[in-house]
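**Q** Read off the chains here:
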Amino acid sequence: MQTIYLGGGTPSRLSLDQFERLIDVLRQRFDLSRLCEFTVEVNPEDISAGYLHGLKHLGVTRLSIGVQSFQPDLLEFMHRAHTSRQAHHALELVSDTGFTSFSVDLIFGNPRQTMKQLRDDLRQLLAYRPPHISAYALSIEPKTRLGKQHKLGRLKPADDDDVAAQFHLIREKLEKHDIRQYEVSNFAKHGHEAVHNSAYWQHENYLGLGPAAHSFFWAGDRKSAIRFNNSPDIHAYGQVFASQNPKKVNQPEIRESFAGQESLTLQTLANERIMMGLRTREGVSESELSSRYNYSLNITQRKQLELFRKEGLVAPVDPLRLTAKGIVLVDAIILKLL
Amino acid sequence: MKNIRNFCIIAHIDHGKSTLADRLLERTGAITEREMQEQVLDDMDLERERGITIKSHAIKMDYKASDGQNFFFNLIDTPGHVDFAYEVSRALKACEGALLIVDATQGVEAQTISNLYQAIDQNLEIIPVINKIDLPGADIDGMSQQIIDLLGCKKEDIIPVSGKTGEGVDVLLEEIVMKFLPPTGDPDKPLRALIFDSIFNAYRGSIVYVRIMDGTLKKGEKIRFMATGKDYEADEIGYLRLKPTPCNELSAGEVGYIIGNVKSLEDTKVGDTVTSHKNMASAPIPGYKEVKPKVFSGIYPTNTEDFESLRTALDKLQLNDASLQFIPETSVALGFGFRAGFLGMLHMEIIQERLDREFDMDIITTVPNVEYVVETTEGKEVIVDNPSDMPPPGKIQEVREPYIKAQIITPSEYIGSVMKLCQERRGIYVNTMYLDAKRVDITYELPLAEIVFDFYDKLKSQTRGYASLDYDIIGNRPGQLVKLDILLNGDPVDALSSIVHRDKAYEWGKRLCGKLRQLIPRQMYEVIIQAAIGAKIISRDTIRALRKDVTAKCYGGDVSRKRKLLEKQKEGKKRMKQVGTVEIPQEAFLAVLSMDDD
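Chains as they are written, first to last, in our numbering: chain E, 1 to 338; chain U, 1 to 598.
In short, the hints are calculated from the structure, not lab data.
Built from N, CA and C at the ideal position, the CB exists for glycine as well.
Treat the hints with caution; some may be incorrect.
Said to hold, decoys possible - Quick look at which bits of chain E chain U covers, simulated, 3 or more residues with Cβ under 8 Å:
id : segment
1  : 124-130
2  : 270-276
3  : 324-331
What the hints assert, rightly or not - In silico BS3-like cross-links for lysine-lysine, where the CA-CA straight-line distance does not exceed 27 Å:
id : chain 1 : residue 1 : chain 2 : residue 2
4  : U       : K164      : U       : K289
5  : U       : K570      : E       : K325
6  : U       : K553      : U       : K568
7  : E       : K143      : U       : K573
8  : E       : K325      : U       : K568
9  : U       : K504      : E       : K310
10 : U       : K289      : U       : K263
11 : U       : K553      : E       : K189
12 : E       : K303      : U       : K564
13 : U       : K573      : E       : K151
14 : E       : K151      : U       : K564
15 : E       : K325      : U       : K564
16 : U       : K504      : U       : K458
17 : E       : K223      : U       : K568
18 : E       : K143      : E       : K156
19 : U       : K553      : E       : K336
20 : U       : K218      : U       : K189
21 : E       : K151      : U       : K568
22 : U       : K164      : E       : K223
23 : U       : K568      : E       : K148
24 : E       : K189      : E       : K56
25 : U       : K574      : E       : K303
26 : U       : K278      : U       : K189
27 : E       : K303      : U       : K568
28 : E       : K303      : U       : K278
29 : E       : K176      : E       : K189
30 : U       : K154      : U       : K164
31 : U       : K289      : U       : K189
32 : U       : K570      : E       : K223
33 : U       : K230      : E       : K143
34 : U       : K573      : E       : K303
35 : U       : K573      : E       : K310
36 : U       : K562      : E       : K148
37 : U       : K230      : U       : K263
38 : E       : K176      : U       : K553
39 : U       : K460      : E       : K325
40 : U       : K222      : U       : K289
Could you build all of it, start to finish, from the sequences and the hints given here?
**A** This is the structure:
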């Protein structure tokens, strides 16, 4: 096992004792001797110096801090539990504790966010010399709080052009600090790219534990892979593990107890790989597509690629990867290409 | 023959024709209640949904009159929409009488009057009937007065009924016996049978509905269709009961059907005369005419590979709708498709819907237009039913377009709005006639092109649904007509061209560009929309290039979600047409029709 990532909930609500128990269990079940990255997501309002020292002591190598913004009105709009002051305090604690690797989440493209606010957020954030930043454009999803407000006409999403301008600003500012974009939403100093997330994008195997967590398994020589997920309902999830031996989790009869699973053909996997590859700085090489996925681009795709190359959206030579101009249009490009 | 009564029903849409017809069938025992599907005469789903009879049918009823005599009634149903006026005229021709049905809450409408005049012209006896007297808003006295003004009849001649409750239906049946004349005609003369309708059956071929005017038709006899000159054998003949009932002979005055292994409706045209091969009539029944389409539009498969399936579907539709015409055409923008001719907009919509429902065809229809006659500077005449065929402006001497005479009946308080509408549509005022204190009959001459799209809907909405419309084609007249082209990124999109009046071209071009800007989604490149007459650009709009199209997060389960979304978007994209570098959604090709929706 190479990486552990604890997130997608609010793991920083766990006490150090609980953390210790959790990690003990993991040590018992898995071989952690080659572990190179152990990330924990933390919320600014949850942490203290003691807590961070504790995590470090337990083997955590990397923190992901959900700062989002330093602007009080934006934090309030997003219903964040922390204040601007808590965000600063958290970042101070992180550097004081001596975490050399950490990531900070930043949100842009808020309906009322101005360029000035974003510039201010970046300035404040860069003062902490973060080795990694995840900058996400706010997306208003149906059925969420914002989605409902949008549907009712109470919320006007930010103009696409404004969001695009903010995106460019972020990239430009971070670049100046040697924090480079290596995926659509991820920026890092050399050597600080997230190993765990990169595994998702390269179809490496991962096991998701906890409600709603996804897992992916592909025995390299097989013509298909599976992706499956646990029930999002914590009780339903608990019941599965109460009645089954987790050791047998990869056996088919047990997999049936997962809330959802899909079998992915080589063709589907290839489409995914191109989709994810184009989101990254590394891109995806045609030789990889051929050897791992038995996939090659057809004439229509090649013609389309030529057009994109002429437009300066796709880099001129293999591997397939997008230019700075192309990356902001990645979804449209993928749609045209696949 | 003296105990036969052939009649039809003249009524406006929604005035309860079908319900009353059902009641007549029920009272005469032609149909039991169990067999009774609401409104049996309309048997296409589409008809029932739209509440209009598209194709006429006929049904035979036995009636024992109060004096003990037995009668045969043939009720011939008629279509109720202006698109199908010729079929109505042939149905009338097959009858001696007509029931004029007026809704007790609505009054007489233009379509009714137009059909009524036709019936009177053809010397039909009229029985005026006020229907829906069970409704709370029924105004029997007011309606009676309207009918008296219209027909010059007496109040006692008018029969109040309720198709819903059956009230008055018995009186009506007796009146049919008393007032309508028995058919005339000589059973011994050479056979002349009038085709008033024909339908297509997948197993039996064309089924022809006829009224025998003269002579006698025997089963198995060799027959000839006089207009088309085609010969067939009358393999099966019969009466039109609820189900076809075969018989050995149909003679003068009777109504029935003929099945003769006829492969296509092309050979059995409404209005044609059927005669006997061995004793041929010297002349057909007068009044036959080819039904000509008035509205034309391109029909294209959304997926170019569906061209052949579309052809098959249209062929099948044509088998039972001879008024549908189509020929293959090519569009630079849309590829291979067909130019189809329709009787009117309703007819066009019905065909579109049937292609969708019965054949599951995904199609793009282009903006409909009428047929223009263009005189070129070289003195040649060109018929243009597709804007792409319009000669370049420099080569045009004159363009002529079809005109109609429109009769609009409206409550007098809407005179202003009706006249304004007609004026906007380049109408030429003819006259106004008061039908009574509250209702007027306004006559306008209008270019057909101005009324085919949305005139009727506009008329309805501006008169709160009260006005009604009927029209006749009165010939071609010269007009200042120009072809308006739409260019996307400099390339003309032929399927978006239209022919418009010069005075309206600027406004039209501007609005069309604006509408297209709304309908065409932002793309990876900037899209410039231009409207042009010849080489002259008259309007311009820009769809700015997409600036950002990214999904922010793509970890774990997001990957599946994102991939599925992509698959869905790809499906959606199949419904778009790529013209040059621009992707155009289907709706854009009909943008013109929805220009007033903003």
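**Q** Hints the structure violates: just list their numbers, smallest first.
**A** 1, 4, 9, 22, 28, 33, 39
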